Amino acid sequence: MDHIFFFYFAAVIATTSVLVVALRNPVYSALALLIMFFHVAGLYVTLHAEFLAAVQIVVYAGAILVLYLFVVMLLSIKSEERYHNQLPVAGLLGVMLCTEIILLLIQSRTAASAQAIPADPVTGSGNTEMVGEALYSTYLFPFEVASLILLVAMIGAIILAKKDINDQVQQ
Amino acid sequence: MEIGLRLAVSLAQIAAVMGVVMLTVMVLTLAERKVLGWMQDRMGPMEVGPYGVLQPIADGLKLFFKEDIIPAGANKFLFTLAPILALVPAMIGFAVIPFGPTMTIELFGMQVKPFVISDINIGILYILAFASIGAYGIILGGWSSNSKYSLLGGLRSAAQVISYELNVGLAIVGVILLSGSLSLVKITEAQAGGFWNWFIIAMPFPQIFAFVVYVISSVAETNRVPFDLPEAESELVAGFFTEYSGMRFAFFFIAEYANMILVSCVAAALFLGGWNAPYPGTILGHLGLDALAWIENVVWFAAKVYFFLFLFFWLRATLPRLRYDQLMRFGWKVMLPIALGNIVLTAIAAYFFPR
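Protein chains in written order, with the numbering used here: chain B, 1 to 171; chain Z, 1 to 355.
One or more hints might be untrue.
[What the hints assert, rightly or not] One-sided and incomplete, this derived list gives chain Z residues near chain B with beta-carbon spacing under 10 Å:
id, residue
1, Phe-130
2, Ala-131
3, Ser-147
4, Ile-162
5, Met-247
[Unchecked claim] Pair by pair, the computed Cβ-Cβ distance ranges are:
id, chain 1, residue 1, chain 2, residue 2, range
6, Z, Val-237, B, Val-71, 34 to 42 Å
7, B, Leu-74, Z, Phe-195, 46 to 54 Å
8, Z, Val-237, B, Met-1, 46 to 54 Å
[As the list claims (entries may be wrong)] For the chain B half of the interface with chain Z, some residues (derived, Cβ under 7 Å), not all of them:
id, residue
9, Gly-62
10, Ala-63
11, Val-66
12, Leu-69
13, Met-73
14, Leu-105
15, Thr-128
By construction, these hints were calculated from the structure, which means they are not laboratory data. In this text the structure is predicted, and so the values were computed from the model without any measurement. Built from N, CA and C at the ideal position, the CB exists for glycine as well.
Please take these sequences and the hints and turn them into a complete structure.
Given below as structure tokens:
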């Protein structure tokens with residue numbers, strides 16, 4: 001049963017990911033990305049990580065992708081032609097990435113069988129509490145650094161926007 | 001066999017909840033016009049049936065038989081998809097709302113919770129997640145119509161829904177801190193035993209500010225007056241659904257009312273104790289009729305929800321529409337700091353005085 005769900009989600013994720021870059025209409029690309037986000041959330045649910053699944057949808061599907069759509073509609077481009085003649089570079093990068101993945105897979109096939117995966121690491125308290133505890137104990141430093149980077153980005157965005165206003169006033 | 005039976009019971013529950021929601025939507029369309037009428041010293045619809053009570057049926061039939069028009073130059077696929085994307089998230093959120101007391105009954109040898117379709121441990125996040133998806137219906141509906149009014153309405157709505165969704169999410173955090181759970185069932189249970197335990201006034205830190213932020217933000221999120229910028233009639237004809245007609249229009253319309261009911265249910269469950277009566281226990285329970293106590297609980301829940309729905313109509317009859325920059329400034333510079341301050345104070349209070 002679990003395998004059926006996994007293969008369904010994985011197949012849809014792979015297909016829609018390709019569609020995001022292959023479709024000509026940017027609005028359709030955004031919709032394909034939306035479907036992909038939902039199926040990634042589905043994968044999280046099959047792993048009993050409901051909190052991550054909900055956050056995935058709230059943050060990526062509910063906020064970030066809406067902003068993308070917003071921009072696409074404001075620019076009102078029916079189809080984007082600028083990026084459709086970069087096949088040689090993209091092909092080269094793709095081949096490199098594929099070989100990398102294949103090499104990693106061959107390596108892991110020999111090494112991974114030694115490591116046993118814990119059967120059900122999240123038991124007892126709910127996974128929301130587990131995520132919170134992990135973030136604020138084991139990963140406290142990376143967590144704080146990440147929030148600092150976000151703060152810097154926010155201040156940077158404000159400064160950039162303010163500059164524009166000042167320029168307009170001077171003109 | 002076991003799975004099939006479970007599926008059948010779940011589907012029956014879903015059908016029942018959807019039936020109740022659709023019935024409430026019908027009642028609301030009439031109630032809104034009646035309440036607005038009385039507030040403006042007129043009678044509202046009076047023609048269909050006694051006192052106009054059959055008006056929703058007439059409206060439904062009219063919409064059903066209207067011609068379905070797809071404007072020239074519209075994107076047919078997205079034009080069809082948008083109303084569905086608006087309605088489905090509005091309906092799906094009801095899956096985790098507890099309408100009545102937590103109890104299990106034996107049905108065909110299975111444990112069934114009659115008043116909640118699914119008690120998942122991330123209930124409130126689930127509702128937030130699907131509420132944020134509702135914005136797609138509006139944006140895509142506006143964009144695919146190939147009309148400037150629709151596009152402007154859709155864009156306004158996108159900005160508005162994102163801004164106010166944040167405030168809704170932050171206002172809820174205080175309640176989650178106090179109850180220690182994301183499940184709506186557990187949050188409601190934590191407020192049992194009288195109105196002084198409801199989170200709006202509960203010790204150690206009353207969530208009254210969070211409540212105000214939640215109510216205002218949810219009015220904005222459902223695109224109701226005074227925040228109905230996406231469909232401002234005097235500026236944008238009808239906003240994002242200008243080009244829609246017939247059943248597709250009805251879908252947007254039902255979605256708006258279903259969203260109103262959903263945010264009212266969440267407000268009742270989070271801040272006003274959900275199905276708990278304002279006194280300890282239930283009167284029917286004290287009289288020795290424990291088997292019927294659920295009726296009283298469900299009635300209390302319905303009363304709280306209808307109070308919020310009445311508030312929506314009341315606001316519509318009272319307040320003028322905000323200007324767009326006022327709306328944005330209010331959301332980001334007034335509501336957001338209040339919600340953030342509430343989280344900090346609630347966290348401090350919950351740390352020093354754990355419930």
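Cross-check of the supplied hints:
| no. | hint | in the structure |
| --- | --- | --- |
| 1 | Phe-130 | 8 Å, holds |
| 2 | Ala-131 | 8 Å, holds |
| 3 | Ser-147 | 13 Å, violated |
| 4 | Ile-162 | 6 Å, holds |
| 5 | Met-247 | 22 Å, violated |
| 6 | Z:Val-237 to B:Val-71: 34 to 42 Å | 25 Å, violated |
| 7 | B:Leu-74 to Z:Phe-195: 46 to 54 Å | 48 Å, holds |
| 8 | Z:Val-237 to B:Met-1: 46 to 54 Å | 51 Å, holds |
| 9 | Gly-62 | 3 Å, holds |
| 10 | Ala-63 | 6 Å, holds |
| 11 | Val-66 | 6 Å, holds |
| 12 | Leu-69 | 6 Å, holds |
| 13 | Met-73 | 5 Å, holds |
| 14 | Leu-105 | 33 Å, violated |
| 15 | Thr-128 | 6 Å, holds |
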